[in-house]
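With the hints as extra help, turn the sequences into a complete structure.
Protein chains: 2
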Amino acid sequence: MKLLDLYAKLKKDINSIEKELERSIDVDHPLLRDASLHLLKAGGKRIRPVFVLLGGKFGDYNLERIKHVAVPLELIHMASLVHDDVIDDANTRRGQLTVRSKWDNRIAMYTGDYIFAKALSIVTRLENPAIHRIMSKALVEMSIGEMEQIRFFYHTEQTVRDYLLRIKRKTALLLAISCQLGAMAADAPEKTARLLYRFGYFAGMAFQVRDDLLDLCGTEKEIGKPPGSDIRQGNITIPVIFALEEPRLRPALLEELTRIKACDGQTDIHRFLEMIRGSQGIARAEALASLYIDKAIAVLQELPDIQAKKDLTGIAHFFGNRSY
Amino acid sequence: MKLLDLYAKLKKDINSIEKELERSIDVDHPLLRDASLHLLKAGGKRIRPVFVLLGGKFGDYNLERIKHVAVPLELIHMASLVHDDVIDDANTRRGQLTVRSKWDNRIAMYTGDYIFAKALSIVTRLENPAIHRIMSKALVEMSIGEMEQIRFFYHTEQTVRDYLLRIKRKTALLLAISCQLGAMAADAPEKTARLLYRFGYFAGMAFQVRDDLLDLCGTEKEIGKPPGSDIRQGNITIPVIFALEEPRLRPALLEELTRIKACDGQTDIHRFLEMIRGSQGIARAEALASLYIDKAIAVLQELPDIQAKKDLTGIAHFFGNRSY
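Chains as they are written, first to last, in my numbering: chain A, 1 to 324; chain B, 1001 to 1324.
Hints are not guaranteed to be accurate.
Distance condition first, Cα-Cα at most 30 Å in a straight line; then the derived DSBU-like pairs of lysine-lysine [said to hold, decoys possible]:
(1) Lys-137/A to Lys-1041/B
(2) Lys-45/A to Lys-1137/B
(3) Lys-1019/B to Lys-137/A
(4) Lys-309/A to Lys-12/A
(5) Lys-102/A to Lys-1261/B
(6) Lys-1045/B to Lys-1009/B
(7) Lys-137/A to Lys-1045/B
(8) Lys-1221/B to Lys-1045/B
(9) Lys-1309/B to Lys-1019/B
(10) Lys-1019/B to Lys-1102/B
(11) Lys-170/A to Lys-1137/B
(12) Lys-221/A to Lys-102/A
(13) Lys-309/A to Lys-11/A
(14) Lys-137/A to Lys-1102/B
(15) Lys-168/A to Lys-1137/B
(16) Lys-1102/B to Lys-1170/B
(17) Lys-1041/B to Lys-1191/B
(18) Lys-41/A to Lys-11/A
(19) Lys-45/A to Lys-102/A
(20) Lys-1261/B to Lys-19/A
(21) Lys-1170/B to Lys-137/A
(22) Lys-1137/B to Lys-41/A
(23) Lys-261/A to Lys-1102/B
(24) Lys-137/A to Lys-1168/B
(25) Lys-1009/B to Lys-1310/B
(26) Lys-1295/B to Lys-1011/B
(27) Lys-9/A to Lys-310/A
(28) Lys-102/A to Lys-1102/B
(29) Lys-102/A to Lys-1137/B
(30) Lys-1045/B to Lys-1170/B
(31) Lys-170/A to Lys-1102/B
(32) Lys-41/A to Lys-102/A
(33) Lys-1137/B to Lys-137/A
(34) Lys-1170/B to Lys-102/A
(35) Lys-191/A to Lys-41/A
Just so you know, the hints here were simulated from the structure itself, not pulled from any lab data.
Structural data, given as C-alpha cells:
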C-alpha cells in the first residue's frame, strides 16, 4: 500500500486540518505571519495529523474536537524544525529556504516560540486537562532531546542506548502522542489510547532509524539533499555507532571522524560514507528498523479490527520500507 | 512602604516557591540543569510569584495549589529573558553572565524552550483548563510582542500606541495574569480575578514606563548597567517618542538616532541622553506612569479590604516611585 492511497481516503479531513493550520497562524503581524506561512507552505508529510485522525477512529470520531489535537501536534513539529534549523545553520529544508536563512536566526527563534505557544493555546480549548498535560510533558522531553543532540555531536563513545533515547525524544514521542491524543480526544477507552501510544512510539523509532539510514545510503535525488548531512552537523547515527563496534573498521573510522570534526563538517566525506556503507552497520540498522516495525504491528493486534487499524498497518510497513 | 517589608511578611511562602523553582528545573541533563540553575540564581525580584500569592489571598489560599501557578509564571519570565538575551546579544544581566555568553546562543535557545515547556507542564497539573488557556494565550501574545520589538527597532515613526501595546505584551500581561491566576487557583470569585487582572495590567504598565525612564535617567550604579542600553539595542521608548514630538528638538534628535543606528548602537550616546533628559519627554513619561499607578489603585478600591489589598497598594506605590 502507498501512503498516498491512505491520504486519498482521509483527504477531506486532512484538507480541513490544513485549512485550520493556515488559520491558526494567521496573526496580525506581517513578519510573523509571513515566516509562519513560509514554514507551513514548505510542506511535509503531515504524518502527525494523520496519526491523530486514525487514532480518533478508535473512539467517537468528531473532527471538530480532534482538530484541536491534530493542529497543535503539527505546529509543534513545525516549531521544532524552525529551531532545529537555527542550531544546524541550515539554509534549506525540503528544497525551500529556511526561516533563518530567508530572514535571520532571531526571527526563526521567535517564530518557533510563537508557534509553540500557539499550539498549546489551541489544545487548551479542549476541556480535558489530561490532554494538556501529555502535550506539555512531551514538549519538555523534546527540548531535553534537542540539548542531548548538541551534547552528543561528534561524540564517538556514545552507546546505542544514548542514540535510542535521543531519537525517542526527537521523533518517536511526538508520533506516539499523536496516536494517543487522537484517541483521547475521541474519548476512546484508556487502554486503546495506551496501545496507540505504543504503536506510534515503535513506528516512530523505525521511521527515524530509516531516516538516518537514508541520510547515509540514499542518493541526493532520493533524499533531496546531499547524503551525509547528519555527520556534517556532528550527528552520529546508529549505523555509525554499529560500524564503530567493528574492530577492523574502528581505528580508520575514528580517524576519519576526527578529521571531519576538525573541519567542522566542511570537508569531503566520501571516504566516511564508503566506510559506513561497507560496514555491518547498515544491515544491523535495517534489522533494528524491522524489529521496531514488527513491534508496532504486534501492538495493533490488540486493537479492534477497524479500517484505521489496516491503515496504521499500512503506514508501519511504509515506514519500514521508506526510500524517499 | 518598602518592597522588602512586604517580602518579610510573605517570606515563608516565597521561600517555598523558591525551592519549588529549583526543583522544577532539576533535570537529569548536566548542561540544561547548569544553564537553568545559572538563570535562576541570577535572581530577580520574584514579583510574579508575589503577585500570584497576593492574588491567592482573595480566595481560598492554598499554597500547594497556588504554587502550580506561581512557579510557571516565574519560569516563563526567566525563559523570556534568556531568549531576549539572544536577541540583544547581551553578555550580562543583573551583573551576571547571561546563558548565551557563558555557553552560547544555541544553548540559550534550548534552555528557554525547555523552561517554557516546563512551565506549561507544571500548570497543567491543576485540573482547571481555563487556567491553562489563559497562560498559553499570554505566551502567544508575549511572543508576538518580541517580534514587535524587533520590528520597531530604530523605528522613529512609531506611535505612543505602538509603544503601549508593546510593553503590554512584554511586561504588563504577565503581571496581570499573575494576579488573576493566583486568584483563580484559589477559587476566588470571577469578578475578583478580573479586577486583579486589571490591577496587574496597570501596575505592569507603570513598572515598564518607569523602567524605560530609569534606563535614560538613572546612573550606572542605580541601574546596574550603563544608561542608554535601550537605544543601543534600537529600542525606542516612550520618553524618546515624546521628545520626538517637540518641533524644536525633533530634527537634531532624528539625526542623532540615524547616527546611532548607523553605528549599530556602538557609539557615544552622551548627546542623545542629554537631549532626552532636557526634553519634556521625561516629565510626560513620569506623568504617564503616575496615571497608570492611579488607575491600578482605583481598581483596588473595588476589592474587599484585606491585608493583601494593602500590600498591592504598597507595591503599586513602589512601582510608581522606583529608582533602583
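Hints, one by one, checked against the model:
1. Lys-137/A to Lys-1041/B: holds, 24 Å
2. Lys-45/A to Lys-1137/B: Since the Cα atoms of Lys-45/A and Lys-1137/B sit roughly 28 Å apart, the hinted pair holds (cutoff 30 Å).
3. Lys-1019/B to Lys-137/A: holds, 21 Å
4. Lys-309/A to Lys-12/A: Satisfied, since the Cα-Cα distance of roughly 19 Å is no more than 30 Å.
5. Lys-102/A to Lys-1261/B: Given pair Lys-102/A, Lys-1261/B holds - Cα atoms ~23 Å apart, limit 30 Å.
6. Lys-1045/B to Lys-1009/B: Distance of about 15 Å is within 30 Å: holds.
7. Lys-137/A to Lys-1045/B: holds, 28 Å
8. Lys-1221/B to Lys-1045/B: Within the cut-off at roughly 18 Å; holds.
9. Lys-1309/B to Lys-1019/B: It holds: about 26 Å lies between the C-alpha atoms, which stays within 30 Å.
10. Lys-1019/B to Lys-1102/B: Measuring from Cα to Cα gives roughly 24 Å; hence the hint holds.
11. Lys-170/A to Lys-1137/B: Roughly 26 Å separates the two Cα atoms, so the pair holds.
12. Lys-221/A to Lys-102/A: Roughly 24 Å separates the two Cα atoms, so the pair holds.
13. Lys-309/A to Lys-11/A: holds, 17 Å
14. Lys-137/A to Lys-1102/B: Holds, at about 28 Å.
15. Lys-168/A to Lys-1137/B: holds, 29 Å
16. Lys-1102/B to Lys-1170/B: It holds: about 25 Å lies between the C-alpha atoms, which stays within 30 Å.
17. Lys-1041/B to Lys-1191/B: violated, 36 Å
18. Lys-41/A to Lys-11/A: holds, 17 Å
19. Lys-45/A to Lys-102/A: holds, 22 Å
20. Lys-1261/B to Lys-19/A: The given pair, whose Cα atoms are some 41 Å apart, is violated under the 30 Å limit.
21. Lys-1170/B to Lys-137/A: holds, 26 Å
22. Lys-1137/B to Lys-41/A: Cα-Cα ~24 Å, so holds.
23. Lys-261/A to Lys-1102/B: holds, 23 Å
24. Lys-137/A to Lys-1168/B: Satisfied, since the Cα-Cα distance of roughly 29 Å is no more than 30 Å.
25. Lys-1009/B to Lys-1310/B: holds, 12 Å
26. Lys-1295/B to Lys-1011/B: Since the Cα atoms of Lys-1295/B and Lys-1011/B sit roughly 28 Å apart, the hinted pair holds (cutoff 30 Å).
27. Lys-9/A to Lys-310/A: holds, 12 Å
28. Lys-102/A to Lys-1102/B: holds, 28 Å
29. Lys-102/A to Lys-1137/B: holds, 28 Å
30. Lys-1045/B to Lys-1170/B: Answer holds: Lys-1045/B to Lys-1170/B is near 17 Å, not above 30 Å.
31. Lys-170/A to Lys-1102/B: holds, 26 Å
32. Lys-41/A to Lys-102/A: Answer holds: Lys-41/A to Lys-102/A is near 14 Å, not above 30 Å.
33. Lys-1137/B to Lys-137/A: holds, 18 Å
34. Lys-1170/B to Lys-102/A: With a Cα-Cα distance of about 26 Å, the restraint between Lys-1170/B and Lys-102/A holds, given a limit of 30 Å.
35. Lys-191/A to Lys-41/A: Cα-Cα ~36 Å, so violated.
In summary, the numbered hints that this structure violates are 17, 20 and 35.
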